[in-house]
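Fit chain B to the known structure of chain A by using the hints.
Residues per chain, in single letters:
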Amino acid sequence: DAGVTQSPTHLIKTRGQQVTLRCSPKSGHDTVSWYQQALGQGPQFIFQYYEEEERQRGNFPDRFSGHQFPNYSSELNVNALLLGDSALYLCASTPWDRVKDTQYFGPGTRLTVL
Amino acid sequence: GNSVTQMEGPVTLSEEAFLTINCTYTATGYPSLFWYVQYPGEGLQLLLKATKADDKGSNKGFEATYRKETTSFHLEKGSVQVSDSAVYFCALSPSGGSYIPTFGRGTSLIVHP
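Residue numbers (the working numbering), protein chains in the order written: chain A, 1 to 114; chain B, 1001 to 1113.
Extracted from the complex, chain B is given alone in its bound form:
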């Protein structure tokens, strides 16, 4: 079946540091890939997405590139802010007729001033 694996958290950084959160997936065909963010006490919000190989999704300074050859979709940001502190979820939506999305376990990011 489909699966998404994220790096364990928490990831703790100082403000303005570079961020990478690793995500790899297992799926047949060409799934769509997503990063969602969840702030404390809230639901998930879409951060960015990519629908085909080599696509780069970007939003609010965050980027991720769909790498089919390594089945990865790593999240990066060049300079994090305290307000980026949240839990980040990598997810996939399978290709084909059945829509049952798969989410990773989430990676907590803590940014200190």
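If we strip away everything but chain A, and leave its shape as in the complex, we get:
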């Protein structure tokens, strides 16, 4: 049973560019959440998708947007990249009826903005 997978593993972009990160949830999970983890910090909640809709959103600007597909996979898009967007981006999945329970995390995508 495959766990949560993310792609790419690493990414380097320059300021002002746009980036798309991808996530496939664990089998049987229909809810995907995205987190930003800056170096030396804990994960910060960006948003959560269920039934192809954004259900919850943390304190992140509109430059951060997402999408969920019918197969439950998800994308995170960040526009107009800033140096401060450099971080590890984590995807986590769970069944919707256990959304307050355990999150299953992927290995993350390391984004570097130059």
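Honestly, the hints are just simulated from the structure, not real lab data.
There's no promise every hint is true.
[Unchecked claim] Here are the computed lysine-lysine pairs in the DSBU-like style, where the Cα-Cα straight-line distance is at most 30 Å:
| id | chain 1 | residue 1 | chain 2 | residue 2 |
| --- | --- | --- | --- | --- |
| 1 | B | K1068 | B | K1049 |
| 2 | B | K1060 | B | K1077 |
| 3 | A | K100 | B | K1060 |
| 4 | B | K1068 | A | K13 |
| 5 | A | K26 | A | K13 |
| 6 | A | K100 | B | K1049 |
| 7 | A | K100 | B | K1056 |
| 8 | B | K1052 | A | K26 |
| 9 | B | K1077 | B | K1049 |
| 10 | B | K1056 | B | K1068 |
| 11 | A | K26 | B | K1049 |
| 12 | B | K1052 | B | K1077 |
| 13 | B | K1077 | A | K100 |
For chain B alone, kept in the frame of chain A given last:
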């Protein structure tokens, strides 16, 4: 708002030493509490959890007890191993309708042979 405070790291121990990593929280109601572990180059893995006051979560020799009166969820292990070296995150999931989890900043644990 909700917050989680963890002790500063790194915590450096010798193998077989006793481990305590302190975690306190601020939240309304009765949140669920979690400890996650992150090994180098990997995502977070759930270590243990507790969903109500006085519950004790345990896994792989680690334990933590949900203390409502002191708003704490300290992580303990009686005898650490080199393989326990990692970063440990305390987290809460709020009660009520909104689900926005809050994580602590993490505590790095280094265990020497």
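Against the structure, the hints:
Distance check on the hinted pair: K1068 (chain B) and K1049 (chain B) sit about 14 Å apart at the alpha-carbon level, within 30 Å; holds. This hinted pair checks out: K1060 (chain B) and K1077 (chain B) have alpha carbons roughly 9 Å apart, not beyond 30 Å. Taking the CA atoms of K100 (chain A) and K1060 (chain B), the gap is about 23 Å. The hint holds against a cut of 30 Å. For the hint pairing K1068 (chain B) with K13 (chain A), the CA-to-CA distance comes to about 45 Å; that exceeds 30 Å, so the pair is violated.
Under the criterion of a C-alpha separation no larger than 30 Å, the hint pairing K26 (chain A) with K13 (chain A) is consistent with the structure, at around 28 Å. For a cut-off of 30 Å, the pair hint linking K100 (chain A) to K1049 (chain B) stands: about 12 Å separates their Cα positions. Our distance criterion of 30 Å between C-alpha atoms is met by K100 (chain A) and K1056 (chain B), whose separation comes to about 18 Å. With a CA separation close to 27 Å, the supplied pair K1052 (chain B) and K26 (chain A) stays within the 30 Å bound.
Simply put, K1077 (chain B) and K1049 (chain B) have alpha-carbon atoms about 15 Å apart, close enough for the 30 Å limit, and the pair holds. Only pairs whose Cα atoms come within 30 Å are accepted, and K1056 (chain B) paired with K1068 (chain B) is accepted, the gap being roughly 12 Å. A hinted pair counts as satisfied when its Cα atoms are at most 30 Å apart, and K26 (chain A) with K1049 (chain B) qualifies at roughly 20 Å. Taken as a hint, the K1052 (chain B) and K1077 (chain B) pair is honoured in the structure, with Cα atoms around 21 Å apart against an allowance of 30 Å.
The suggested pairing of K1077 (chain B) with K100 (chain A) holds, with an alpha-carbon distance near 26 Å, which does not exceed 30 Å.
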